[in-house]
Amino acid sequence: MSSSPNTIRQVRQEILVARPFAQEFGTNHVNIDPSDVQALFARHYFYFAALATLGTLQIAVATGGHRGLWLTPSRNATRLIGILLICAGIALFFLMPLWVEGPWATGSVAADSATREWGKANWQDLGAARNVNDINGGLSGTGQATWFPLGALIAFVVSVGAGTANRKLFPGRMNQPVERPDGTDGIALTATHSYFDALKISWRRFRVELPSEASRLLALSHRWSISVAIWRRFHR
Amino acid sequence: MNPFDRALVLWLNGLSGNLPIIDDLARMIASDYLMPTMFSLAMFGLWFAGRTLEDRARFHYWVLIGISSIGMSNVAVVLINLAWDRPRPFEQLPEIQLMFYRATDPSFPANPVAIGFAAGAAAWMANRKFGYWLFGAAALYGLTRIYAGVFFPTDVLGGAVVGISVTWGVTYLHRLFQPITNLFIRLTRGLAIG
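Residue numbers (the working numbering), protein chains in the order written: chain A, 1 to 236; chain B, 1 to 194.
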């Protein structure tokens, strides 16, 4: 077993010791506040998530035939745009250090993210530029779990807007027969309706069917179900 | 440290430093952002991908299981970390050429791999082919982390076992919460997003 640090506390202590030492010897990484780094990473990750979720959504809805959410009236074009958007999201996120200042200044991008300097990266440092520990301001899993759904929400809103606009701008093309998803409510309706019309119809149906659907699902529930146990207790 | 771990991590990490483009690619794949986002995108895409009612119902169910499994895998990894604080390869082997930041949490099991395999197991239940792709992506993620010198091979194997086991456990535990999950899926249909 090595005597190297293996606990969070030990490594943090090393960073705290390393910073004043580096300051004395003229490096400026001590000026980097982890919260600044985190804000920068969060913003960039949000762009990445929004573009990549929009791309994924477009591929999924093009495959599923949900026309009311397509960015273009053509299935193939929508699918191609989806692939390009995912690639654009990844490229933007990893190439941004070339033109945006951050904790990846040329020459400071060593493996250890505690000794970074603020500035723009060069091509040689690009691969490692984003590898910043969350204790030094990198985005944690929780941070990603916050920004990803927000990106997904934006992607959905954009798709609804584009799909609705397409219906108005290209009514002929949007009503051409396609391989339609089956189902008479929910997202399946977007094959033949705008999202808002699909929402109106689906919601009305959900409200009407909810009592019978709830009883049916309760009856079909597994015997381990907590809900079933509570239901039985109060309906003896 | 077992000889298998030592030999394999030294061999894989020893391959680094020869081709800068491979090193850069490995650093990007091993990053905290690319593959976890791909796993999330896979779950997101699967939700909307079904063409038939039956497909959609199955995909929605397994996406919910997948998301829950990703969360529960994190919990399982933290619990194992409390029991065993295994040092990282770069802390134990001075020959390691570290290509990643000095990770501060315990090495076993590989948390990101556990998440990848949890998502992969759920996707595999929804669609075998898609699941195999995700398993492949999670394995590649683990491999690049060994290449970068931050995980031992057994950490990656442990992560895979944790991810798959947690998904299996969550599938069983899900029975406790019926019919709430099914009603939630029905609600998403009412909102025209499912």
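Do not rely on the hints blindly, as some may be mistaken.
Which residues of chain B face chain A? A few of them, derived with a C-beta cut under 7 Å, are [what the hints assert, rightly or not]: (1) 48; (2) 57; (3) 128; (4) 129; (5) 185; (6) 186; (7) 190.
Some chain B residues flagged as far from chain A (calculated, every beta-carbon gap over 10 Å) [to be verified]: (8) 10; (9) 24; (10) 33; (11) 40; (12) 72; (13) 131.
Read the hints as simulated data drawn from the structure, not as lab findings.
Nothing here was measured: the structure is a model prediction, and the numbers come from that model.
Beta carbons are placed, not taken as given, at the ideal position from N, Cα and C, and that holds for glycine.
Comparing the hints with the structure gives:
{"no.": "1", "hint": "48", "verdict": "holds (4 Å)"}
{"no.": "2", "hint": "57", "verdict": "violated (10 Å)"}
{"no.": "3", "hint": "128", "verdict": "violated (17 Å)"}
{"no.": "4", "hint": "129", "verdict": "violated (13 Å)"}
{"no.": "5", "hint": "185", "verdict": "violated (10 Å)"}
{"no.": "6", "hint": "186", "verdict": "holds (6 Å)"}
{"no.": "7", "hint": "190", "verdict": "holds (3 Å)"}
{"no.": "8", "hint": "10", "verdict": "holds (14 Å)"}
{"no.": "9", "hint": "24", "verdict": "violated (3 Å)"}
{"no.": "10", "hint": "33", "verdict": "violated (6 Å)"}
{"no.": "11", "hint": "40", "verdict": "violated (5 Å)"}
{"no.": "12", "hint": "72", "verdict": "holds (13 Å)"}
{"no.": "13", "hint": "131", "verdict": "holds (16 Å)"}
The structure shown violates the earlier hints numbered 2, 3, 4, 5, 9, 10 and 11.
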